[in-house]
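Protein chains in written order, with this note's numbering: chain A, 27 to 192; chain B, 618 to 946.
Everything labelled a hint here was simulated from the structure, so no lab data went into it.
The beta-carbon is built from N, C-alpha and C at its ideal position, and this holds for glycine as well.
One or more hints might be untrue.
Covered stretches of chain B (chain A as the covering partner; in silico rule of three or more C-beta atoms under 8 Å from a C-beta of chain A) [claimed, not checked]:
| hint | region |
| --- | --- |
| 1 | 650-657 |
| 2 | 774-786 |
| 3 | 811-822 |
| 4 | 899-910 |
| 5 | 925-933 |
Restraint ranges, calculated between C-beta atoms of paired labels, are given here [stated by the list, open to error]:
| hint | chain 1 | residue 1 | chain 2 | residue 2 | range |
| --- | --- | --- | --- | --- | --- |
| 6 | A | K31 | B | E929 | 35 to 45 Å |
| 7 | B | K641 | A | D65 | 55 to 65 Å |
| 8 | B | V788 | A | D119 | 16 to 26 Å |
| 9 | B | E722 | A | K31 | 42 to 52 Å |
| 10 | B | P815 | A | D165 | 22 to 32 Å |
| 11 | B | A743 | A | D65 | 34 to 44 Å |
Which residues of chain B face chain A? A few of them, derived with a C-beta cut under 8 Å, are [stated by the list, open to error]:
| hint | residue |
| --- | --- |
| 12 | R799 |
| 13 | F827 |
| 14 | V845 |
| 15 | K846 |
| 16 | V868 |
| 17 | W870 |
Below, each chain spelled out in residue letters.
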Amino acid sequence: MSDVKTVFGSLANYQKGGVAVIDDDPKNYVFSNVFEVADKSKPYERVAVGKNFQYVIECVRAEGDSPWYACAHDEFALVMDGKVEIRLVKPTDPLVPEDKSGAIKLAAAPKGKKMGRVVAGRGHMTLLPKGSAYQFHADAPSVVTIQTIAGDVTIERWSEICQTAE
Amino acid sequence: MSSKTAYSVDATEPDNYYGYRRFKKGKFAFRRDEYFVHIDWPKGSHTLPADAFLRALQRDVAWNFFYGTVNFDSVFGTLNHYGTVDMFAGTFNDAYKSAGLDYLETYNAEDLMTTFKAILDDWTNAGYDPFAAPEETDQAYGRKHGDNRDAINRLRVTAKRMVGIPGDTPVRTDKTGYPVNRQFADVEQDVPEVQAEPGFEKEVAAFNLFAYLSRSDVTWNPSVCSVVKESLYCPTSEEFTLPVEHGNDRVEWFMQMSDEIVWVVKDKDTGRPRARVTCKPGDICAMPADIRHQGFSPKRSMLLVWENASNEIPKLINEGRAPVVPVKF
Ligand SMILES: [Fe+2]
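So here's chain A without its partners, still in its complex pose (with noise of 0.2 Å):
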C-alpha cells in the first residue's frame, strides 16, 4: 500500500500561503484563500475570489437551500469542500435576457420542466446550463466555486478577503 499523503482543504481545517515580498506590493497578486472566504460568509453570498476582466470565479458557502438563480451563460460549479445537491430547471418562458451577463436571484422556484439534479462531492464539478434555472442544497456547511461572469449577485469584497501587507 502507498502511503503517500495528498493534501486538501476543507472549512474545518485549511492553512493558507501568502505572499513574501522581496520587491512589490502583496496586493499585486489578489490573494485569498477560498476555505477562509467561505468561512467568513453568510450562506450562498456569491464572493468573487479571482477576476479577469469581466470574468469571474465566485466562492459560495453552500449551507441549507440556496435561491433559485438564472443564468443566460454556462456556469460550472466545483465543490472544493462537502457534499452540494444541485437542482436543475428549464424554466417554461427564459427569465434572463440572453446578452445577460451573470447569475441573477430568483424570487421564488421558477415554473418549467425538470432537467434532473446532480449530487457532487469534493472534486467533482458541476454544469450549471445556459439558459436553466438552478438552486443548491447542502446538509451540511459545503464550499463551491463557481466559474462565471460577474453579474448582479457577484459580491465584490477585495479588501477584506485578501493579504494587503507582509
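Fit chain B with the ligand to the given chain A structure using the hints.
For chain B with the ligand alone, kept in the frame of chain A given last:
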C-alpha cells in the same frame, strides 16, 4: 516528421559520435551532446542542460508557444504574437540587454514550430519523457539512442464545454490508459450522482475533476476542462519544477486545489526578483501581467490555471489601456 510539412527544417546528418543532428533557424544554431544543449546566435552563445532544454521545448511545442513569453531559462525563449513568434536570446535579461548582446528573430509560428518539433523529436531518447516528473522517467542524457514519439506527441486536451459531457473530452479511466498516478494513489475515485430527465442528458452533467487530475500522465501541462466564453479553466497536475519561466501577456490566476506550490516571481522584462508566493490548498491568487513566474511543487499537486483567452488583452495591456493587475483595492 510529417511529409506534408510546408516548412523546411535546416538539419545536418546525425553527428558521427553523438548521433544527434544539428539544427539552424535563421541565425540561431542548436546542437546537443551527451549532457548539454548549446545555442549560438550572432552575438553570443548559451548552454543549458539537455533535460532542462527538452522539458521546456516540450511545453513550448505542446502549448503552441502559449500565452506571452516562454523563457527556457534566464536567457533563451520565445514570445508569442499569435500568428508570428519571436525567438530570442538575452532580450529579457538585464545584463545581456544593457551589454547589447541580446538578439531576436521573428518567424511565422508554424515555421518555427516545425523546427522545434524536429529538434524535440531528434534529441529525445528512448525512455526519456519530457512531460514526466524526474522520478517517473529515464534520463535525457547520453549519446543518441532511439526516440520517444508516443510521449512527445501527446495532444493537449481541450474540452469544448466540459470534460465528460457526451461528445466532449472523455473522462480518464484505467481502460483508456490513464491509471491513477503513484503520487495520487489516495485520491478518491468516486463519481457524482447524476440524474438527468429524458432529453436533458447532455445538459445535466458532472464529473470528478480531482479523480481526472489524479490520472493525468503529464506534469505542467494546463488543459482546458471547462469553458465560459473566453474564460478557460485549465487544471493541471504539477510535480518538481515548472520547466519554464512563464511571462504572461495578461493576468493569469492560480487556485491551488491540493498540496503546495511555491512560485518564484521575477520582473518580466529584467528578471529582477519580485516575490515568492506560497500556495496551499484553497489559496487563490493572480499573477500580474508584468512578471514571470516559475513554480516548484515538492509533491505532485493539483493546480487550477485560469486564463482569459481574449486576444484583445495583450494589446490593451501593451498600450497601457488595461492594468497589469486584475483588481485594484
Ligand atoms: Fe503561467
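Verification of the hints:
Check result for the region 650-657 of chain B against chain A: violated, 0 residues qualifying (beta carbon to beta carbon below 8 Å, three or more required). Proximity of the region 774-786 of chain B to chain A, defined as three or more residues with a beta carbon under 8 Å from a beta carbon of that chain, is established by the 4 residues found. Closer than 8 Å: that is the beta-carbon criterion, and the region 811-822 of chain B has 8 residues meeting it against chain A, so the requirement of 3 holds. Interface restraint, the region 899-910 of chain B with chain A: holds (7 residues with C-beta to C-beta distance below 8 Å; minimum three).
Coverage of a stretch by a chain is defined here by at least three residues with a beta carbon nearer than 8 Å to that chain's beta carbons; for the region 925-933 of chain B and chain A the count is 3, and the condition holds. For the pair K31(A) and E929(B), the beta carbons lie near 43 Å from each other, so the given range of 35 to 45 Å is met. Taking 55 to 65 Å as the suggested C-beta distance range, the pair K641(B) and D65(A) conforms, at roughly 58 Å. Roughly 35 Å separates the CB atoms of V788(B) and D119(A), a value that falls outside the hinted 16 to 26 Å.
Look at E722(B) against K31(A): about 48 Å separates their beta carbons, and that is inside 42 to 52 Å. Distance hint check for P815(B) and D165(A): the Cβ-Cβ separation is about 28 Å, which falls inside the suggested range of 22 to 32 Å. Judged by the Cβ atoms, the range 34 to 44 Å given for A743(B) and D65(A) is violated: they are separated by roughly 51 Å. Hint on R799(B) holds. Least Cβ distance to chain A is approximately 7 Å, under the 8 Å limit.
Satisfaction of the interface hint for F827(B) is found here, the shortest Cβ-Cβ separation to chain A being roughly 3 Å, below the 8 Å cut-off. Below 8 Å, beta-carbon pairs count as interface contacts, and V845(B) has one with chain A at about 5 Å; its hint therefore holds. Checking K846(B) against chain A by beta carbon gives a least distance of about 7 Å; that is within 8 Å, so the hint holds. Residue-level restraint check for V868(B) holds (minimum Cβ-Cβ distance to chain A is 6 Å; threshold 8 Å).
With a least beta-carbon distance of about 5 Å to chain A, the hint placing W870(B) at the interface is held under the 8 Å criterion.
Violation of the numbered hints given earlier is confined to hints 1, 8 and 11; the remaining hints are satisfied by the structure.
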